[in-house]
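Trainee: Its first residue numbered 34, the sequence shown is counted upward by one per residue in the working numbering.
Simulated from the structure, these hints should not be mistaken for laboratory data.
Hints should not be assumed to be uniformly reliable.
Pairs of lysine-lysine residues, derived as DSS-like cross-links and limited to a Cα-Cα distance of at most 30 Å, are as follows [to be verified]:
#1 Lys242 with Lys252
#2 Lys93 with Lys153
#3 Lys178 with Lys73
#4 Lys153 with Lys215
#5 Lys242 with Lys73
#6 Lys93 with Lys178
#7 Lys73 with Lys153
#8 Lys91 with Lys215
#9 Lys215 with Lys93
Pairwise CB distance ranges (calculated) [claimed, not checked]:
#10 Ser99 with His159: 17 to 23 Å
#11 Pro174 with Thr150: 58 to 64 Å
#12 Arg75 with Gly202: 32 to 38 Å
Each residue gets a CB set at the ideal place from its N, CA and C atoms; glycine is no exception.
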Amino acid sequence: MKKWLTFLGGFLLCFSEVNAQDSNIQVDQITDSVQALDLKYREDQFYFGISHTMMQNKTKGFHPNSFSLGINAGFLRDFPVNSSRTVAIAPGIGYSYLNLRDNLGLDVNGQYTTLDTYSKNNLSIHFVDFPLEFRWRTSTPESHKFWRIYVGVKASYRFSDRQRTSAEGYTSVIRGDDNLNKWLFGTYISAGFNTWNLYVYYGMNTVYKNQLFEDDSQKLRLLNIGVMFYIL
Numbered sequence: 034m035k036k037w038l039t040f041l042g043g044f045l046l047c048f049s050e051v052n053a054q055d056s057n058i059q060v061d062q063i064t065d066s067v068q069a070l071d072l073k074y075r076e077d078q079f080y081f082g083i084s085h086t087m088m089q090n091k092t093k094g095f096h097p098n099s100f101s102l103g104i105n106a107g108f109l110r111d112f113p114v115n116s117s118r119t120v121a122i123a124p125g126i127g128y129s130y131l132n133l134r135d136n137l138g139l140d141v142n143g144q145y146t147t148l149d150t151y152s153k154n155n156l157s158i159h160f161v162d163f164p165l166e167f168r169w170r171t172s173t174p175e176s177h178k179f180w181r182i183y184v185g186v187k188a189s190y191r192f193s194d195r196q197r198t199s200a201e202g203y204t205s206v207i208r209g210d211d212n213l214n215k216w217l218f219g220t221y222i223s224a225g226f227n228t229w230n231l232y233v234y235y236g237m238n239t240v241y242k243n244q245l246f247e248d249d250s251q252k253l254r255l256l257n258i259g260v261m262f263y264i265l
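All chains, full assembly: derive it from the sequences and hints.
Mentor: Below is the structure:
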């Protein structure tokens, strides 16, 4: 009888040690999974957008021609301002390109004119951008699929431009047009879910410094509508 009691005691002791080890493993697994979540995560620090430019404050006789492409890309440093990290501000730097296709071009003397017939006419502009965003989102540490509404302002420095017109046996080209504003300022909104986001930008100042024609004071203003993508 004494031997059986000794055997039973030993068995219960081994069983309790195994259970304790299993409990420790489960606790360690839970701890590891919690540690795997980045509770100090940042969102949407790289962006890429494509848009179409629709000019506002148009001059007389101005007509768009085909798709006026806009591209912008860059880096935004995400700084959450609340404990759940769903509200943030994000300053950044980027690059943007505009290829404006319309009938506002150059005559044979290199002066502005609205063209009736032409074979090719476009204004291409390159900028360095300095955006600042206020961000709201429904993000969590566990998921990268969430709703977002980002509102921002952007200063864009023009570092290169070219206006090219080919029409009726002549080609006129202007580079570094002094009448183009060196700095463009605008406000924008980017909103959507997960991958796809609607992007709208409105220029706060005009594209040109001075009016293009004596009898028309309009100097064109940018309105861009497109899609924006964010990663990391």
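Trainee: Compare the distance between the alpha carbons of lysine 93 and lysine 153 with 30 Å, and conclude whether the hinted pair is satisfied.
Mentor: 20 Å, holds
Trainee: Taken at face value, is the distance from the CA of lysine 215 to the CA of lysine 153 at most 30 Å?
Mentor: Since the Cα atoms of lysine 153 and lysine 215 sit roughly 25 Å apart, the hinted pair holds (cutoff 30 Å).
Trainee: Take a quick look at whether lysine 93 and lysine 178 sit within 30 Å of each other, Cα to Cα.
Mentor: 46 Å, violated
Trainee: So does serine 99 sit 17 to 23 Å from histidine 159, Cβ to Cβ?
Mentor: With Cβ atoms ~20 Å apart, the hint holds.
Trainee: Quickly compare the C-alpha distance for lysine 91 and lysine 215 to 30 Å and report which way the hint goes.
Mentor: Distance of about 20 Å is within 30 Å: holds.
Trainee: Next pair to validate is lysine 242 with lysine 73; report whether the Cα-Cα distance is within 30 Å.
Mentor: 45 Å, violated
Trainee: Given the proposed pairing of lysine 178 with lysine 73, does the C-alpha separation stay at or below 30 Å?
Mentor: With a Cα-Cα distance of about 17 Å, the restraint between lysine 178 and lysine 73 holds, given a limit of 30 Å.
Trainee: Just to be careful, I want the Cα atoms of lysine 73 and lysine 153 compared with a cutoff of 30 Å; is the pair within it?
Mentor: Violated - the C-alpha atoms of lysine 153 and lysine 73 are around 52 Å apart, more than 30 Å.
Trainee: Is it true that the CA of lysine 242 sits at most 30 Å from the CA of lysine 252?
Mentor: 7 Å, holds
Trainee: Please check whether proline 174 and threonine 150 have a Cβ separation lying inside 58 to 64 Å.
Mentor: 60 Å, holds
Trainee: Could you grab the alpha-carbon distance between lysine 215 and lysine 93 and see if it respects the 30 Å cut-off?
Mentor: Since the Cα atoms of lysine 215 and lysine 93 sit roughly 24 Å apart, the hinted pair holds (cutoff 30 Å).
Trainee: The hint says 32 to 38 Å between arginine 75 and glycine 202; measuring C-beta to C-beta, is that right?
Mentor: Check failed, 57 Å falls outside 32 to 38 Å.
In terms of the numbered hints stated before, the structure departs from hints 5, 6, 7 and 12, listed from lowest to highest.
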